[in-house]
Amino acid sequence: MSYVLILLGMAAVTYAIRTTLFLFGERLVFPPLVRTALGFVPVTVLTAIIVPMTVAPHGGGVEFGLRNPQLVGGLAAVIVSAATRRPLLTIAVGLAVFFVWQGVVMPRWLPA
Amino acid sequence: MLGVQEDSPLNPSHPNPSLTQRQPRPLREFADGARDTFPMMVGAAPFGVIFGTLVTAGPLAWWHGELMSLIVFAGSAQFIAIGLLAGGAGALVVIATTLIVNLRHLLYSATLAPYVAHLPLRWRATLGALMTDEVFAVAYARYRHTRPGEMGPHYFLGSGVAMYVNWQIWTVVGLLFGAAFPGLQALGLDFATAATFIAIVVPQLAAFRYLAAAATAGVIAQLCHALPYKLNLLAAVVAGVTVGVALSLRDHVRARRCSEAAS
Numbered sequence: 001m002s003y004v005l006i007l008l009g010m011a012a013v014t015y016a017i018r019t020t021l022f023l024f025g026e027r028l029v030f031p032p033l034v035r036t037a038l039g040f041v042p043v044t045v046l047t048a049i050i051v052p053m054t055v056a057p058h059g060g061g062v063e064f065g066l067r068n069p070q071l072v073g074g075l076a077a078v079i080v081s082a083a084t085r086r087p088l089l090t091i092a093v094g095l096a097v098f099f100v101w102q103g104v105v106m107p108r109w110l111p112a
Numbered sequence: 001m002l003g004v005q006e007d008s009p010l011n012p013s014h015p016n017p018s019l020t021q022r023q024p025r026p027l028r029e030f031a032d033g034a035r036d037t038f039p040m041m042v043g044a045a046p047f048g049v050i051f052g053t054l055v056t057a058g059p060l061a062w063w064h065g066e067l068m069s070l071i072v073f074a075g076s077a078q079f080i081a082i083g084l085l086a087g088g089a090g091a092l093v094v095i096a097t098t099l100i101v102n103l104r105h106l107l108y109s110a111t112l113a114p115y116v117a118h119l120p121l122r123w124r125a126t127l128g129a130l131m132t133d134e135v136f137a138v139a140y141a142r143y144r145h146t147r148p149g150e151m152g153p154h155y156f157l158g159s160g161v162a163m164y165v166n167w168q169i170w171t172v173v174g175l176l177f178g179a180a181f182p183g184l185q186a187l188g189l190d191f192a193t194a195a196t197f198i199a200i201v202v203p204q205l206a207a208f209r210y211l212a213a214a215a216t217a218g219v220i221a222q223l224c225h226a227l228p229y230k231l232n233l234l235a236a237v238v239a240g241v242t243v244g245v246a247l248s249l250r251d252h253v254r255a256r257r258c259s260e261a262a263s
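Order-wise, the sequence lines are chains A and B.
To convert, note that position 73 of the first sequence is 73 in our numbering; the numbers rise steadily by one, no gaps.
To convert, note that position 125 of the second sequence is 125 in our numbering; the numbers rise steadily by one, no gaps.
Be aware that one or more of the hints could be misleading.
To be verified - Now the stretches of chain B that chain A is said to cover, found in silico as 3 or more residues with beta-carbon under 8 Å:
(1) 62-73
(2) 98-105
Claimed, not checked - Incomplete in silico selection of chain A near chain B, CB under 10 Å:
(3) Arg18
(4) Phe22
(5) Gly25
(6) Glu26
(7) Leu38
(8) Thr47
(9) Pro52
(10) Ala56
(11) Gly65
(12) Leu66
(13) Pro69
(14) Gln70
(15) Arg85
(16) Leu88
(17) Pro107
(18) Pro111
Keep in mind that the hints were calculated from the coordinates and are not lab data.
Heads up, the beta-carbon is just placed ideally off N, CA and C, and yes, glycines get one too.
The task is simple: from the sequences and hints, build the whole structure.
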């Protein structure tokens, strides 16, 4: 089958998943239990994305330790966010710690 | 330095942005949405380049790769599809896999549906098409401080368009010059996405039931990391939401007992 048709199929499936519930508009009313459940979707799905990215940045098993800059930067970001709740500061400190750890601290003081 | 300013709507110290925005300002909201998405545009850039590079190394023509980014616009699904097509998989396998990998977007649209329900159909049809993990995270962080129907679509649109245009640019860069950037993944630019998600999630964990739900999801996502097609994310959400709902019901029952005892 032509690649273009496969791509169109992928696009149709993806668009349907993303948009079908939106298309119902105000006719879509969830029962209270479902609303409660959906309230937990953002924190659970985002945490489920964050944890493997930071705890196991190479996609395999967990890498606890100082030779994992994603983990060190991630913990710094969590601490700053919990203490200040300021998004820009959280992102800036997290990135600074990550890049300094990866580029300076690990090559100098944490040889493999 | 980075896109999110301290007066940003991501900042929960402003619990009700609507009070300061009596008049809707579409252009300003569009720009705010794009600005708050900026760190994740940086995070997505290397993946766009790597995707473009993979296309040129596989059986697809370069314009197939760009067409995929234009009409599918879903990073993980695109990577998996390229791998499947390179291995000679059939159309049905590729499309069914796309469905499974993107199933989490159904949860995103269910979560955001109340906030867009009042909009005209053309808006809902457009916003849905632009929804990725990143756009969902940014849009929800803004919407959750408002009542459904209170906020217009421009912030969501700004975030989605920024992410969409960014993805197209980096796909093209990868298609044209991908071979010139070896070791792009080793830079760790995608950590910008993780840091932004942390900045969005942590302030939402103040109540114990949210913390418990998130912790459950994080543990399950890692324990199930070997599952194919991102199914670890779905398993994590199901487990985390179950814990969250159970704790909510417990709190609810307790509150009712207390009010009964008081009366």
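Hint by hint, here is what the structure shows:
no., hint, verdict
1, 62-73, "holds (count 6)"
2, 98-105, "holds (count 6)"
3, Arg18, "holds (5 Å)"
4, Phe22, "holds (4 Å)"
5, Gly25, "holds (5 Å)"
6, Glu26, "holds (5 Å)"
7, Leu38, "holds (5 Å)"
8, Thr47, "holds (4 Å)"
9, Pro52, "holds (5 Å)"
10, Ala56, "holds (6 Å)"
11, Gly65, "violated (15 Å)"
12, Leu66, "violated (16 Å)"
13, Pro69, "holds (7 Å)"
14, Gln70, "holds (6 Å)"
15, Arg85, "holds (5 Å)"
16, Leu88, "holds (4 Å)"
17, Pro107, "violated (13 Å)"
18, Pro111, "violated (18 Å)"
Hint violations for this structure: numbers 11, 12, 17, 18, all remaining hints satisfied.
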